[in-house]
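2 protein chains.
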Amino acid sequence: MSIKDKLNDWIQNNEQRYIDFLQKLVQQPSTQGNEKGVQQLVANFLHELGLKVEMWDLDGDRLKKHPYFYSNRETFESSPNVVGVLKGTGGGKSIILNGHVDVVPEGDHKQWDHGPYSGKVIDGKMFGRGATDMKGGNIALLMAIEAIQALHIRLKGDVIFQSVVEEESGGAGTLDTILQGYKADAAIIPEPTNMKIFPKQQGSKWFRIIVTGRTAHGGTPYLGVSAIDKAFIVNEHVKELEKTRNDRITDPLYDTIPVPVPINIGSMNGGDWPSSVPDVVQLEGRIGIAPGETMEEVQQEMEDWIKTLSEIDPWFQEHPVKVEWFGARWVPGEIETDHPFVASLVNNFVSVMGEKPTLVASPWGTDGGLLSQVAETPTVVFGPGITDLAHFPNEAIELEKIFEAAKIIAATIVEWCEED
Amino acid sequence: MSIKDKLNDWIQNNEQRYIDFLQKLVQQPSTQGNEKGVQQLVANFLHELGLKVEMWDLDGDRLKKHPYFYSNRETFESSPNVVGVLKGTGGGKSIILNGHVDVVPEGDHKQWDHGPYSGKVIDGKMFGRGATDMKGGNIALLMAIEAIQALHIRLKGDVIFQSVVEEESGGAGTLDTILQGYKADAAIIPEPTNMKIFPKQQGSKWFRIIVTGRTAHGGTPYLGVSAIDKAFIVNEHVKELEKTRNDRITDPLYDTIPVPVPINIGSMNGGDWPSSVPDVVQLEGRIGIAPGETMEEVQQEMEDWIKTLSEIDPWFQEHPVKVEWFGARWVPGEIETDHPFVASLVNNFVSVMGEKPTLVASPWGTDGGLLSQVAETPTVVFGPGITDLAHFPNEAIELEKIFEAAKIIAATIVEWCEED
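These protein sequences, in sequence, are chains A and B.
Just so you know, we're using full-length UniProt numbering here: the first sequence kicks off at 1 and counts up by one.
Just so you know, we're using full-length UniProt numbering here: the second sequence kicks off at 1 and counts up by one.
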């Protein structure tokens with residue numbers, strides 16, 4: 001029997017234990033600030049697996065000095081990362097297996113059929129906040145590691161399992177693993193991709209645009225200048241920038257994606273009195289950042305483009321539109337599509353699933369960007385969760401997919417890190 | 001000496017008494033709900049003049065049954081109207097002299113050089129909230145009445161002086177004088193017109209427009225439909241309606257007015273998350289109503305026009321744009337430009353001022369609309385206050401203009417009501 005067949009067998013024979021453990025993890029709420037409980041479960045599990053375990057509260061002092069740090073908080077008491085290392089024998093390529101345990105708020109409880117942390121299993125699906133995004137994915141990683149341990153497979157390269165916090169809040173967890181010293185030759189993050197393989201992941205940054213008008217009484221609006229009318233000109237101008245930025249993208253990985261790096265205006269608020277001409281409008285949105293771009297060059301491009309508004313409308317010369325940057329950034333991530341690690345993952349996918357995987361660029365960011373750009377660890381995003389259910393009520397994951405992902409990942413780890 | 005010369009003389013010799021009384025009125029704050037104090041001063045003054053005085057708290061029960069009632073309150077304890085009548089001998093045309101005593105809030109006290117209710121006189125100007133809008137105008141009316149009394153001029157028609165509340169809040173004061181039974185053959189309201197004569201006054205009504213989109217994640221906005229983009233289309237569509245409505249207006253009274261009946265979008269609010277496609281946008285604004293139009297036909301025209309959006313964009317077929325009506329209405333007012341009352345006012349203006357008056361359509365509403373449409377009392381708006389200072393800090397009025405207005409109005413009353 002090949003190693004891969006043995007791994008598959010082992011995984012198949014240990015499904016129930018992992019369903020039970022996933023249920024425990026899902027039933028342990030872990031919104032921002034409340035991660036300690038679930039991380040303790042993970043740390044104990046890793047201990048049992050015989051990994052070298054490290055658990056530490058994120059270090060706000062060192063984080064806030066880093067240009068890529070973002071969070072809505074600066075101290076992280078009782079919000080720990082957990083890292084478990086399966087040391088290699090040496091001379092092999094290392095791998096990071098990264099998954100977050102923090103979950104987004106559960107929202108309106110009345111919209112959950114079974115309560116937000118039920119962990120209930122119905123028809124092969126497990127329900128609960130975090131099941132798909134992304135505790136189910138983390139389970140796939142742990143199954144892969146235990147399968148390797150159980151089969152006494154000794155690898156040359158290190159296997160570094162990272163259970164992080166703060167992914168939903170800006171990436172401080174993964175960033176602090178990097179500041180703690182962890183990097184590797186490749187990484188997988190099993191975010192909910194519907195089993196698609198994302199060699200590239202879009203980054204993003206939030207912006208605020210402020211448009212100024214001049215007030216007047218609503219009975220004589222021609223004495224004023226409507227900031228709403230001007231904001232629509234700005235809206236159109238931003239659409240042109242989106243077109244320019246996207247016309248540049250030729251990578252076939254984006255062939256099925258209408259707009260690889262969109263610019264979304266998410267909100268527009270201006271004026272406060274029906275009988276007055278509005279004199280200020282604020283737009284807030286998100287600009288997509290392509291792999292290979294830096295945040296700084298994208299910000300500069302947008303600011304320069306906004307300045308050209310004065311050529312379109314003289315009002316903007318005396319009343320320049322302001323651009324501000326705020327909120328979380330998502331660093332774009334990438335690994336070359338023909339990278340040997342990707343090739344290995346793809347082959348193993350075909351073996352396990354009996355069909356080719358879909359390789360596509362991801363429209364949303366993950367901590368993969370930080371691993372790619374800051375830790376210089378090429379990262380692929382691939383996982384069993386159901387993308388469209390993430391962040392919604394009645395979030396769920398198909399258990400079968402977790403086991404398929406575990407098999408694919410286990411085989412890929414063994415190939416990458418090389419048997420001794 | 002002609003009657004008019006005598007009236008002018010009397011007014012000139014009694015300026016200080018009226019400056020003093022105006023100061024008392026201005027120094028008596030009279031924001032909404034706090035009008036009793038100033039109305040008591042007015043009622044006493046009318047008693048002294050020998051008029052038949054009526055003072056009553058507005059009747060919320062009868063008001064709320066009236067389709068033209070609007071206020072942010074339904075009960076009016078301690079908020080009285082005051083009416084003083086100089087009975088005519090009979091067989092003459094009557095006149096209503098209407099002025100409000102309620103004032104808008106004073107705003108940020110720090111922006112007032114002398115405090116919002118100072119009544120201070122500097123270089124021929126009196127400062128204070130209400131001085132220009134419109135206690136100074138009311139003083140001109142009272143001077144005219146007392147001049148007529150003092151000169152023992154007996155008139156055939158009734159002179160009905162109305163000191164009302166709630167003008168700034170929707171007109172319930174004047175409406176309740178109508179429900180109390182008061183109407184006349186003509187009326188003057190000395191709102192602050194900079195001594196211009198407004199034979200027509202714009203009405204208005206507030207509307208709310210709700211535009212629907214479809215949400216999606218900001219990384220894949222093409223899966224959604226931006227309610228902001230759709231609101232832009234609606235904005236342009238509303239501008240077309242404004243053009244259509246204004247192209248109809250040919251009255252030379254509007255020759256100097258760029259847009260006689262504007263449609264102002266005063267506020268726009270939509271979306272709440274930079275990383276989401278906005279799925280609802282709310283616009284609020286004010287539509288101008290021309291004299292001769294009813295509120296109902298204007299509302300119908302706008303609703304019908306909004307429905308035609310489905311011809312422009314199929315999205316609106318499945319997701320119709322909603323129009324709602326809310327807030328205060330201002331009924332448009334008018335008197336024919338060649339009405340004998342206007343002719344008399346114009347002649348007297350020329351006599352007193354030595355130059356022709358400016359006749360123009362007013363861009364804002366007054367209680368003149370209610371008098372015109374509900375009481376069938378043709379109304380002209382003409383007064384000594386400074387339009388641009390109304391509602392602002394450091395509101396002020398030129399005292400000289402009050403006396404000029406008093407002379408013009410006194411002569412007009414005598415001509416209209418006819419000496420016995």
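There may be inaccurate statements among the hints.
If several chains are the same, the list does not tell them apart, and a pair holds so long as it fits within one copy or across any two.
In the EDC-like style, the derived pairs of lysine to aspartate or glutamate whose C-alpha atoms are separated by at most 20 Å in a straight line are [stated by the list, open to error]:
#1 LYS239 to ASP313
#2 LYS239 to ASP279
#3 LYS64 to ASP123
#4 LYS120 to ASP108
#5 LYS93 to GLU419
#6 LYS239 to ASP5
#7 LYS322 to GLU236
#8 LYS64 to GLU398
#9 LYS196 to ASP247
#10 LYS36 to GLU242
#11 LYS156 to ASP113
#12 LYS183 to GLU336
#13 LYS87 to GLU415
#14 LYS4 to ASP251
Read the hints as simulated data drawn from the structure, not as lab findings.
A quick look at each hint next to the structure:
| no. | hint | result |
| --- | --- | --- |
| 1 | LYS239 to ASP313 | both (17 Å within a copy, 19 Å between copies) |
| 2 | LYS239 to ASP279 | between (23 Å within a copy, 18 Å between copies) |
| 3 | LYS64 to ASP123 | neither (45 Å within a copy, 60 Å between copies) |
| 4 | LYS120 to ASP108 | within (18 Å within a copy, 58 Å between copies) |
| 5 | LYS93 to GLU419 | within (11 Å within a copy, 112 Å between copies) |
| 6 | LYS239 to ASP5 | neither (52 Å within a copy, 70 Å between copies) |
| 7 | LYS322 to GLU236 | within (16 Å within a copy, 24 Å between copies) |
| 8 | LYS64 to GLU398 | neither (38 Å within a copy, 61 Å between copies) |
| 9 | LYS196 to ASP247 | neither (25 Å within a copy, 59 Å between copies) |
| 10 | LYS36 to GLU242 | neither (41 Å within a copy, 61 Å between copies) |
| 11 | LYS156 to ASP113 | neither (47 Å within a copy, 81 Å between copies) |
| 12 | LYS183 to GLU336 | within (18 Å within a copy, 85 Å between copies) |
| 13 | LYS87 to GLU415 | within (16 Å within a copy, 108 Å between copies) |
| 14 | LYS4 to ASP251 | neither (33 Å within a copy, 90 Å between copies) |
Consistency note: the structure conflicts with the earlier hints numbered 3, 6, 8, 9, 10, 11 and 14.
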